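Peer 1: Protein chains in written order, with this note's numbering: chain B, 1 to 113; chain U, 1 to 284.
Worth flagging that the hints you see were computed from the coordinates, not collected in a lab. Nothing here was measured: the structure is a model prediction, and the numbers come from that model. Be aware that a few hints might be false.
Here are some, though not all, of the chain U residues that point toward chain B, as calculated from beta-carbon distances under 8 Å [stated by the list, open to error]:
hint, residue
1, L269
2, M273
3, L276
Quick look at which bits of chain B chain U covers, simulated, 3 or more residues with Cβ under 8 Å [as the list claims (entries may be wrong)]:
hint, stretch
4, 32-39
5, 78-84
6, 101-109
From the three backbone atoms N, C-alpha and C, an ideal C-beta is built for every residue, glycine too.
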Amino acid sequence: MISDESINIESTIKKEGKITKDNILLFDKIVKHIDVYKIIFKYYDLDLSKPQSKSEISNISYISLFHILKTSGDYKFLNSAFKLNDLMLSKAIIDESTYYENIKELKETFYKI
Amino acid sequence: MVEFSLIMKNGNLVTDIYLSELIRAGYYPKTIILIHPKTRTVNKKYKILSFLIGKQKANKLFIFNNSKKQYKRRKAFQNVVDVFLPKNIFEIRNLKMTDILNKLNVISIESDNFNSDELINCIKSNIKGVILVGASGILKREILSIPDVKFINIHSGIVPNYKGLDNFFYSLLYNDPLGCSIFYIDEGIDTGKLIFKKKVQLLIDKGKLKEINHKEIHYAIKYYVKSYYKITVFIEYLNDSVKKYPQLDLMNLSSYSQDKNVGRVFYELHPEMEILVIDKIISK
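Next up, chain B with everything else stripped away, as it sits in the complex (with noise of 0.2 Å):
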């Protein structure tokens, strides 16, 4: 399934690191499998759009993905952040007191923008 023509996500979040003005176009196509699909898998295609692989990225990648779009001074990654700490929680990758303390540095970055 998964080919030449696959994007390593897990790899992407890694290398990328954070958001600037030449990867704002890639980190919009991936959250998009946060807000819309609530799951990110390890592949998918060059448009982003269709996944290459069934299984998920790690919980490290994820809490990467987290750490990268609350420090994006960017509302609508912002947004995609709250809903991934809510997906974290759900899948226990973080624990409640964690995801309270997301919560409320994600409100302190929303009043820094």
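Starting from the known structure of chain B, fit chain U onto it as the hints suggest.
Peer 2: Frame of chain B; chain U shown alone:
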């Protein structure tokens, strides 16, 4: 006379406001397709009623009850909506959908979404021309390719920059003008051929807003105010166009393709963000 049809979901605020405003402005849909959710048929009360008095009478009773509930809910929101809208939309029109619908050509169907076979077949057999839709979600190829039919959407954002959901709020967040766009629907997310777009201004009495909780304000803007602005822009467009072209044909309006690579698609706001947005509006 401008000819168009309307698809409404029973009890849906967006299309209820559309219809009441259109009628007030003198634009009567030729046909209305009223969609009831299929889940109604598994409702116990409905089952008993339809057994006792027949399906047709049970349908009418169910529309009436639903409408009564909606009406009560709307009245409860009146003070919140009044903060934003230039006049009291409830007193002017006394939104009783059953009264309005009884006077129009209404076809009732059961369907769970806008891409169902039930709706597609109903359109094929009953409608030619333009259909105005609201709160429809993405329309798929099958429904969009029905011959002699075009769908028009009124979107609460200035395209191509603002596509998707909650654009009223995102525009406020990014300090961009609020606005509405009218376009023929295609398979993309708000990417159809653009007919008209116009900026609008949110009228706010901040003093009054401080007395209302953020959730209520958000709800009022999202469902009432936004729908009112959208249909008002559409009516303004119709009024201006009819002056120039008395035999306005909605199937062949002047329109142009959008640059699909421009702008962003936004998604529904998280409940925490809904409150933060309102906080920002009030504190501005």
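Peer 1: Please go over all the hints and tell whether each is borne out by the structure.
Peer 2: Hints, verified against the model:
| no. | hint | in the structure |
| --- | --- | --- |
| 1 | L269 | 6 Å, holds |
| 2 | M273 | 5 Å, holds |
| 3 | L276 | 5 Å, holds |
| 4 | 32-39 | holds (count 3) |
| 5 | 78-84 | holds (count 5) |
| 6 | 101-109 | holds (count 3) |
Violated hints are absent here; each numbered hint is respected by the structure.
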